[in-house]
Structure formats: structure tokens, C-alpha cells
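Here is what each chain is made of, one letter per residue.
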Amino acid sequence: NAGVTQTPKFRILKIGQSMTLQCTQDMNHNYMYWYRQDPGMGLKLIYYSVGAGITDKGEVPNGYNVSRSTTEDFPLRLELAAPSQTSVYFCASSLSGMSGRSDGELFFGEGSRLTVL
Amino acid sequence: LAKTTQPISMDSYEGQEVNITCSHNNIATNDYITWYQQFPSQGPRFIIQGYKTKVTNEVASLFIPADRKSSTLSLPRVSLSDTAVYYCPGGGNKLTFGTGTQLKVEL
Chain A
640 NAGVTQTPKF RILKIGQSMT LQCTQDMNHN YMYWYRQDPG MGLKLIYYSV GAGITDKGEV
700 PNGYNVSRST TEDFPLRLEL AAPSQTSVYF CASSLSGMSG RSDGELFFGE GSRLTVL
Chain B
429 LAKTTQPISM DSYEGQEVNI TCSHNNIATN DYITWYQQFP SQGPRFIIQG YKTKVTNEVA
489 SLFIPADRKS STLSLPRVSL SDTAVYYCPG GGNKLTFGTG TQLKVEL
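Chain order of the listed sequences is A and B. Read in order, the letters of the first sequence correspond to residues 640 to 756 in this note's numbering. Read in order, the letters of the second sequence correspond to residues 429 to 535 in this note's numbering.
With the rest of the complex left out, here is chain A (with noise of 0.2 Å):
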């Protein structure tokens, strides 16, 4: 199993450009989420999904979208790239959530660099 997959792995973009971050995941999971770290902070909730066809905001949704007709891919996109989201981005997976199950151990990928110049 690759685990939890995340494209591109470095990019810099334009502002005002737009991209998608690609996450994947092989292991059958209905939970996924996206994470922001900005330098020296945490991280930061910015979408998260319960299962294909659900998703819901996090703790800053501005300036991104997502969605998720499959189990298995959960991208997300930037509209209009700003300086501000200059960040690394991380995609994680879970079997479950956290609420009432003991299977809700997250697994991160690598994390998508991204600066906006």
C-alpha cells in the first residue's frame, strides 16, 4: 500500500494563478482532511471529508474548494493564489473519525510545498 499520496510536491505559483492539490489514498478510508502549516506554526483544518459526496469546512476555508466523488481521491483546489497561502500543505486519512471509535488514527502524507509569489 502506498498509503496516502499527495501531488505536487513542490510549486510555485503567480498570484492570482490558480492550481489543485492532488491527495489519494489506497486504504479504503472514509475520512479525509486538509491541513495547512504555515513556518514555525500548527497545523491548520481547512476542509475535511466524511465520505464520498461529503465534505465540510474546517477552521480556514477561505480561498480553497473541494470535493469528493471518490473514497479514495480528495483534491483541493486554490481559486486566485495569494502571498497568504503561501504554506505547506498536508492531505491526511482516517478509517474513521475520532467520535466514538478507536479507528480514527490519521495517516498523513508527505505534505505539498507551495509558494506564491
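Derived by calculation from the structure, the hints in this document are not laboratory data. Just to be clear, a hint being listed does not mean it is correct.
Only pairs whose alpha carbons sit at most 20 Å apart, straight line, appear in this in silico SDA-like list of lysine to any residue [what the hints assert, rightly or not]:
(1) B:482 with B:446
(2) B:431 with A:699
(3) B:522 with A:740
(4) A:683 with A:706
(5) A:683 with B:513
(6) B:480 with B:494
(7) B:497 with B:470
(8) A:653 with A:756
(9) B:497 with B:527
(10) B:431 with B:454
(11) B:522 with A:695
(12) B:482 with A:742
(13) B:482 with B:440
(14) A:683 with B:433
(15) B:431 with A:680
(16) A:683 with B:524
(17) B:480 with A:741
(18) B:532 with B:440
(19) B:522 with B:498
(20) A:683 with B:478
(21) A:683 with B:431
(22) B:482 with B:470
(23) B:522 with B:440
(24) A:683 with B:527
(25) B:522 with A:701
(26) B:431 with B:513
(27) B:532 with B:438
(28) A:648 with B:454
If you want the footprint, here are the derived chain B segments under chain A, 3+ residues with CB under 8 Å [unchecked claim]:
(29) 452 to 459
(30) 466 to 478
(31) 519 to 526
Think of the CB as a built atom: it goes at the ideal place given N, C-alpha and C, for glycine as much as any other residue.
Once you've looked at the hints, dock chain B against the given chain A.
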């Protein structure tokens, strides 16, 4: 969102036991408590989880009191390689991580 509170940083020496405490003031009845470890330029890695009392695995122990308002991650005999950021995320299914605790282990 059920946020957690933990110390920003801690220092220790090799061979010592380190205890990091997290406050879970708004934890929901059904939520499990988990801890993660993150090294620079890597995604967080799961360490341990529990619901109440004490849980131990090959890496750490987790102590959760009866009221579940806090949890303590215990790392026995730390080494330099345990230098990392440790998180106790909250929020149930909407898992939020916060800033974590930067543990620095020295010789």
C-alpha cells in the same frame, strides 16, 4: 470546535522521562484522545490513543483521568531523536491540531 491547550515548549535531557499534559476542557463524551508526533518537513505521525485510564504501547504511555478533561503523554527515557513537536488534537471528527508542544532533548 473543541480546542485543546498544551505547553508551547519543553526541554529535557537524554534518559529522562518526559510528561506533556494537554487540556481537553470541551471534549465530547464519545471522543477518543490521540497524540501525534511531527518531525521537521514531515507530516504528523500517530503515537497513541485512549479513552480513559492508562494506555501503553511500545513508544509511550497515555494517562487520562476520570473526568477526561486532560491527558498526559509520557515518553520514557527520551533520546535526541525524540526532539519533535507533539500534538493532542481535539474536535472529534473535525480534528483540529493547534500549535503543539515543541520538545527539545539535549545530551
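Quiz item: Which hints, by number, does the structure contradict?
Solution: 7, 13, 20, 22, 23 and 28
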